[in-house]
Amino acid sequence: MNLYHLRLLALLFWGCWIGASIGFAQDLKNDNSPSNVNEKVTLSGYVKDAKSGESLTGVNIVIRALETGAVSNNYGFFSLTVPKGKHVVSFSYIGYQAQLLTLELNQNTQRNVELTEEGVELESIEITDEMGDRNVKSTEMSVNRLDMRTIQKMPALLGEIDIIRSIQLLPGVSTVGEGATGFNVRGGTIDQNLILMDEAPVYNSSHLFGFFSIFNPDAVKDAQLYKGAMPAQYGGRLSSILDVRLKEGNAKKFTAAGGIGTIFSRLTLEAPIVKDKVSFIVAGRRSYIDILSKPFLPESLASTQFNFFDLSAKVNWKINPRNTVFLSGYFGRDIFGAGFKFNWGNGTGTLRWNRIWNDKLFSNTTAIYSNYQYVLGFGQTNNDRFDWTSRIITYSLSHQFNYYLNPKNTIIFGFIGTLYDFEPGNAVGISMGERRDVGLPSKWAMEGGVYADNEQKLNRRWAIRYGLRWSVFNYTGAGEAYDLSDPITGLGSITSDNALPRRPINFRQYNQWESIKLYNNFEPRLSVKYEVDEFSSIKSSYNRTAQYIHLVSNTTAATPLDVWTPSTNNILPQIGDQVAIGYFRNFGKDNMFESSVEVYYRWMQNQLDYVDGANLLLNPYLEADLLSAQGRAYGAEFYIKKSKGDLTGWISYTLARTERQVAGINRGEWFPNRFDRPHNLYVVAMYTLNKRVELSANFVYASGTPATFPTNRMMVQGLVIPHNSENRRNNYRIPDYHRFDFSLTLFGKKKPNRRWEGHWVFSVYNVYGRKNPFSVYFQPQIEDPQVTQATRFFLIGIPVPGVTYNFKF
Amino acid sequence: MNHILNPTSNHPTPAGAIGGKTLLRQLPQMFHGLFVLMCIAIGLLAAVGCEQKENVELDPGKAQVIVDAFISNEVDTQQIYISITRPYFDAGVSDVQGARVWVGNSRNLRIFEFTEARDTMIDDKDRATERIVYRWVPVGKDSLGAIGDTIGLRVEYNGQTYQSLARINRTAILDSVIVKKDDEGVFQSDELEAEFFGRDQEGTDDTYWIRTWYNGKRLINSRFNLVNIAYDGGFNAGANTDGLDFIRPIRQNVGPDEGLETGDTLAVEIHSISPETFTFFSIARLQIQNGGLFATPPANVPTNIFNENASSPERPVGWFNVAAVVRRGVRVK
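Keeping their order, the protein sequence lines are chains B and Y. According to my numbering, the first sequence holds residues 1 to 809 in order. According to my numbering, the second sequence holds residues 810 to 1142 in order.
Derived by calculation from the structure, the hints in this document are not laboratory data. Note that this is a predicted model, so its numbers are computed, not measured. It cannot be assumed that every hint is accurate.
[Claimed, not checked] Pairs of lysine-lysine residues, derived as DSS-like cross-links and limited to a Cα-Cα distance of at most 25 Å, are as follows:
no.	chain 1	residue 1	chain 2	residue 2
1	B	Lys84	B	Lys408
2	B	Lys86	B	Lys51
3	Y	Lys862	B	Lys771
4	B	Lys808	B	Lys749
5	B	Lys341	Y	Lys990
Whole structure, please, built from the sequences with the hints as guidance.
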């Protein structure tokens, strides 16, 4: 069974590979041979930044006269098939000067195009109204593209811009509280977001619990957030995909960029090793809050360590015009200590190979390694210590083809295979020389996905994108599996209206790679676009997603100690269905305003929930403490964005609910999720005052999160225990969240012949110093445990100033 | 700045201030503490904490009968408390009068009537509270039962009958209690600390409640000592601690927060509890300390008290356990 499955999977993948590579290549060779009388020719190539040679994703390539076009893919590659003849092709990309090329296309042509960034003092040449119209013209919806140049202008906590914190200002995205790890997309939990760094999954995207993310903004090229209408090549999570791509490194000349900030400093170096052929980028950050705060801490805490660092590096090698290889890696750690050691972090490695098989067929092959781990240790002597490590390690191999069949059909197909090694806890305690192993054994699983997806333009108005993903998950040994009994009831036994832990029974052992439980799911994906007119369109989408690995977390904010678990015979895979419909409209001079309204509804099956008092760490019978809930989320997102002119920014308002239901919680009735925030208003504005000064401001408003408040108290054995007589979950809401941030960027005087460019960023976060509650909790007073009180817990209760100096040379 | 980390403020313990009693189960609070540190670091010069008292209007809720019945098979006075729940912010207890309480042993079919009496309880603040109790006083060497006996509880109050069952389980082996300087281990200090030496019985699913008497007064709401319970010798089931010495954090989790002084007396009792009682205390402890960034969803504690009339709207809360007890004491010289 086990070997059979493995072989089957391998065979399937290699079959795909060989079939696709040989069959298609040959097929296309015939198609493209000079003797072919086909009147069509293909224009293909890469679009790059003229200054750095960095490839550009999402560039619009348009031939107005033919009303046809293409978009460059994640690697900057495009392919457009047109009738023979002379064509005017426009290349446009936000923040870049558009380029018009008049090309005589009589044969298949490979042409790399370089675009120049719009300078502050350069008047951009407005040549086409296609710029920024992708939101209306393409089939994609529920997608937000984060432009690094925009992120750089937004006011940030302590002046340090951050991708994940910027994402939290987009429609449909919220967070359970300030500084909490992760983010919630359209009512999903944080583990339902697949966060990819150069295609490698990242299991904890936070530094300092959640104040900053692990992405060094200097090293990031772009980021896309898919909240729905997911293309079939993405899978494995229910709610969203955050696809972050790192820069490739300047292929033309050496550059350095960095910043010295209040809380950490950054440095990024990039340079060609062989000009236009091999280049690299290395980016590092190190925080020093512990050093800065030392004078303010009492002596007992003076030895406290808390800092983080991360390092990203990437090398890319253009072997020849057809083949490019990338090798990228990330390593980051958060280090905490105060008489104990505690550190955690991700490490990822990605090896990619881009190949252009011919003018219409592009492929990418990726090998990935990802490792999230934490280490916790107490005790200095060998006779008295406690050491605990936990890890999740992922190895993946994926292969994807982009096949530009003709201007009407763009097909993406491929596979991904992943091997998981879950190490929920290797823990050893030594007490006075007596050693105790309280660790848990590793768990193993394999996940595979095969997919195909076609974007088809039916006519001028209608376009459709349809795809199918087949995913398979095999939970395997070596290990022990067990079933669960129902809770025992009866006189004298424990009773509760709430679910109680169950008892593990029927223990059985499995050998390495022996299948314990096999799951598979078909995940259809469909998007339809109808263009009402030049400036507006209506789109609709449906997608199903399956998620086989789960973050076991029962706290208000996720902790770095939370452990990922595979689906097992007792934990079912999460299944999500989403439908969305949206209206997209651009208006104003040069379409300077982009706007959209999207309405969505999601159904979620097999959501993890927990019995009261669930023990989630180092618990060999964890599955007995888990419940399987169903969820639903729905909402409307209103978005208007201005991306041209001196004043830019956006307003986003989301009205949404997210709820769940499970027998054994809240009397089995639906209740709001703890991250349910019905109203979310985000306003982001950036204003260029003059060539040297830019101002920006954010305003955030969000409804308070739900919370469970007690109604009564009971005293048992002198303990004052809170009690809710209606046994309700999330029966109250904590006060609303709102915040205003402001920043001013001061650019240095531009001098010709000087490479050094510097700018200062002065910012104030939480300008009016609101004590935004993270939670309100109820506890007995420490000084008098008979007296109970409510406490508001907030993270930032003051205006936080920040100064950062950023430089580039 | 210091006041933020002052123990009188109401946030859970910052890491480092835990003293020699680091507990795995206190990790969430430790993180919370780290978070408070970070909050300070980010606030730097501003003397603003991360917590403040919040005024909340709470539903008064429906009053329910609380049966607080933790008794033992010792040859000693046994007391049961019957009260009703109060609005959450309403300090004090509402003991009930006029209830009738019996305990019965299913082996020898004896019935023990607990009669209403007055008792003065001294709380953590040395305040005396007059309480109504239901009391049984043994005559001679009489006890409620032996290890292995099943004991029933019957409470009649206000036209309702509440019942429960419990088994008297064996308790652990308790060798000694010592007091020494905290000069080894993780957090060293000059404080005098207590530690008991004891062992779990062989065979799994033995659960214990370790109680401490400090200078003749029971330690209840000690910050670090809040309900010291053990599953076999460890924190929870499946920890491979069967038949072994209690793990060190449990052994050291006796004594007052502020350390001992010469002349102090300290007694450690190990009460046998049922695994269900262990669950009750685990959840109760979690609920009392729940809060902050890494709080878990608040939940009601379970009960093992039933209304005889299952469809009655009068649903009791509380707990019944009959323990076997071992006890050792020490005087600090």
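Outcome of the hint check:
no.	hint	verdict
1	B:Lys84 / B:Lys408	holds, 17 Å
2	B:Lys86 / B:Lys51	violated, 29 Å
3	Y:Lys862 / B:Lys771	holds, 12 Å
4	B:Lys808 / B:Lys749	holds, 13 Å
5	B:Lys341 / Y:Lys990	holds, 24 Å
Going down the numbered hints, you'll see the structure goes against just number 2.
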